[in-house]
Amino acid sequence: MPAIKNTLARKAVKATAKHTARGTASKLKRDPLRAATLLGLGGAVGAVAGWVAGRSAGDTASVSTGS
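The numbers in the sequence shown follow our numbering, run straight up by one, and end at 67.
Keep in mind the hints are simulated off the structure, nothing from the lab. Since the structure is predicted, the reported quantities are computational estimates derived from the model, not experimental observations. Any given hint could be a false lead.
To be verified - The calculated SDA-like cross-link candidates involving lysine to any residue, where the alpha carbons are at most 25 Å apart (straight line), are:
no., residue 1, residue 2
1, Lys18, Leu8
2, Lys18, Ala44
3, Lys29, Gly46
4, Lys14, Ala25
5, Lys14, Thr24
6, Lys14, Ala36
7, Lys14, Lys27
8, Lys14, Leu39
Start from the sequences, fold in the hints, and give me the full structure.
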C-alpha cells in the first residue's frame, strides 16, 4: 500500500508544479510588469521571512550553559 500512496503523492506534486508553472507563464505573458513586480515582492517577503526564522532558530541554539 505505501507504494501506491507514494506514487499518487508524486503525481499530485508533479501536476501542481505544472499548473503553477503554466499559470505563472500565462500571467507573465498577459501583464509582464505586474507579474514581475508581484513575483519579486513575494520573493523578497519570503527571503525576509526565512532570514528572520533562521535568526530566531540560531538564537535558541546558542544558549550558554553558564559554565
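Do the hints match the structure? See the list:
no.	hint	result
1	Lys18 <-> Leu8	15 Å, holds
2	Lys18 <-> Ala44	23 Å, holds
3	Lys29 <-> Gly46	24 Å, holds
4	Lys14 <-> Ala25	17 Å, holds
5	Lys14 <-> Thr24	15 Å, holds
6	Lys14 <-> Ala36	24 Å, holds
7	Lys14 <-> Lys27	20 Å, holds
8	Lys14 <-> Leu39	21 Å, holds
In terms of the numbered hints stated before, the structure departs from none.
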